[in-house]
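Asker: The residues making up each chain are set out below.
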Amino acid sequence: QKEVEQNSGPLSVPEGAIASLNCTYSDRVSQSFFWYRQYSGKSPELIMSIYSNGDKEDGRFTAQLNKASQYVSLLIRDSQPSDSATYLCAVNPYYNNNDMRFGAGTRLTVKP
Amino acid sequence: IAGITQAPTSQILAAGRRMTLRCTQDMRHNAMYWYRQDLGLGLRLIHYSNTAGTTGKGEVPDGYSVSRANTDDFPLTLASAVPSQTSVYFCASSPSPGVNEKLFFGSGTQLSVL
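For the protein sequence lines, the chains are A and B, in the order given. Taking my numbering, the leading residue of the first sequence gets -16, the next gets one more, and so forth. Taking my numbering, the leading residue of the second sequence gets 146, the next gets one more, and so forth.
Next up, chain A with everything else stripped away, as it sits in the complex:
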């Protein structure tokens, strides 16, 4: 089992819809969780971070964390074609600050 699992997609949603991206992780002691967006041929850029259970909202983005279920998700409301990218889930365990583990990413396509 991979340490950080994501559905590779592609996930296709119409413009204006809610895109839901999911991620599970295997290490129970993980403390910090991140979502990075990566456009094709570009480098990853951080869009959300979350450290405690519950929801965290930032504009059209909402990150949700459930440590008991080892599950983190990203919701994108009012999806735009410019949101089309690969979204990487990253998890940082408590015991090693330099051991951030990335999922393979979910490719999202938002159709006009």
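Treat the hints loosely; a few may be bogus.
Stated by the list, open to error - Label pairs and their computed distance ranges (CB to CB):
{"hint": "1", "chain 1": "B", "residue 1": "Gly148", "chain 2": "A", "residue 2": "Val12", "range": "46 to 54 Å"}
{"hint": "2", "chain 1": "B", "residue 1": "Asn245", "chain 2": "A", "residue 2": "Asn49", "range": "13 to 21 Å"}
{"hint": "3", "chain 1": "B", "residue 1": "Pro206", "chain 2": "A", "residue 2": "Glu(-12)", "range": "19 to 27 Å"}
{"hint": "4", "chain 1": "A", "residue 1": "Ser52", "chain 2": "B", "residue 2": "Arg189", "range": "20 to 28 Å"}
{"hint": "5", "chain 1": "B", "residue 1": "Val227", "chain 2": "A", "residue 2": "Asn36", "range": "30 to 38 Å"}
{"hint": "6", "chain 1": "B", "residue 1": "Arg189", "chain 2": "A", "residue 2": "Gln53", "range": "29 to 37 Å"}
{"hint": "7", "chain 1": "A", "residue 1": "Ser3", "chain 2": "B", "residue 2": "Ser252", "range": "28 to 36 Å"}
{"hint": "8", "chain 1": "A", "residue 1": "Asn49", "chain 2": "B", "residue 2": "Leu259", "range": "40 to 48 Å"}
{"hint": "9", "chain 1": "B", "residue 1": "Thr165", "chain 2": "A", "residue 2": "Ser3", "range": "20 to 28 Å"}
Derived by calculation from the structure, the hints in this document are not laboratory data. All of these numbers come straight from a predicted model, not from anything done at the bench. Glycine included, each C-beta is placed from N, C-alpha and C at the ideal position.
Model the placement of chain B on the given structure of chain A, informed by the hints.
Answerer: For chain B alone, kept in the frame of chain A given last:
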């Protein structure tokens, strides 16, 4: 513009050759990292440095070496390249090595080893 500069952008390399990928940041970040990104595997940490003068091994360090002589520069060296090292390499940094720190990435180096 502040950020991370990687060079070269792309490189085709014969197997067995030595290659150094360059990474320079101007944000005065203490921690720096090298990742490789392969299709279906995501980003995997090769080596890291918490501060100038120190380095550590990541998940996939074999065949690679790094040095951190100063805060700004963190070169990655492939001593004798092999085809399995064909990948996209990203240098990244963070203000500190703390567990809650986000990563800032360079634009990447596409390396093909033939």
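Asker: Now tell me if each hint is right for this structure.
Answerer: Each hint tested on the structure:
1. B:Gly148 / A:Val12: 46 to 54 Å: Once the Cβ atoms are compared, 32 Å apart, the range 46 to 54 Å for Val12 (chain A) and Gly148 (chain B) is violated.
2. B:Asn245 / A:Asn49: 13 to 21 Å: Holds: the Cβ-Cβ distance is about 19 Å, inside 13 to 21 Å.
3. B:Pro206 / A:Glu(-12): 19 to 27 Å: 24 Å, holds
4. A:Ser52 / B:Arg189: 20 to 28 Å: Once the Cβ atoms are compared, 25 Å apart, the range 20 to 28 Å for Arg189 (chain B) and Ser52 (chain A) holds.
5. B:Val227 / A:Asn36: 30 to 38 Å: 44 Å, violated
6. B:Arg189 / A:Gln53: 29 to 37 Å: Given range 29 to 37 Å: violated, Cβ gap about 21 Å.
7. A:Ser3 / B:Ser252: 28 to 36 Å: For Ser252 (chain B) against Ser3 (chain A), whose Cβ atoms are near 30 Å apart, the range 28 to 36 Å holds.
8. A:Asn49 / B:Leu259: 40 to 48 Å: Check passed, 46 Å falls within 40 to 48 Å.
9. B:Thr165 / A:Ser3: 20 to 28 Å: Violated, at about 42 Å.
Violated hints, listed in ascending order, are 1, 5, 6, 9; each of the other numbered hints is respected by the structure.
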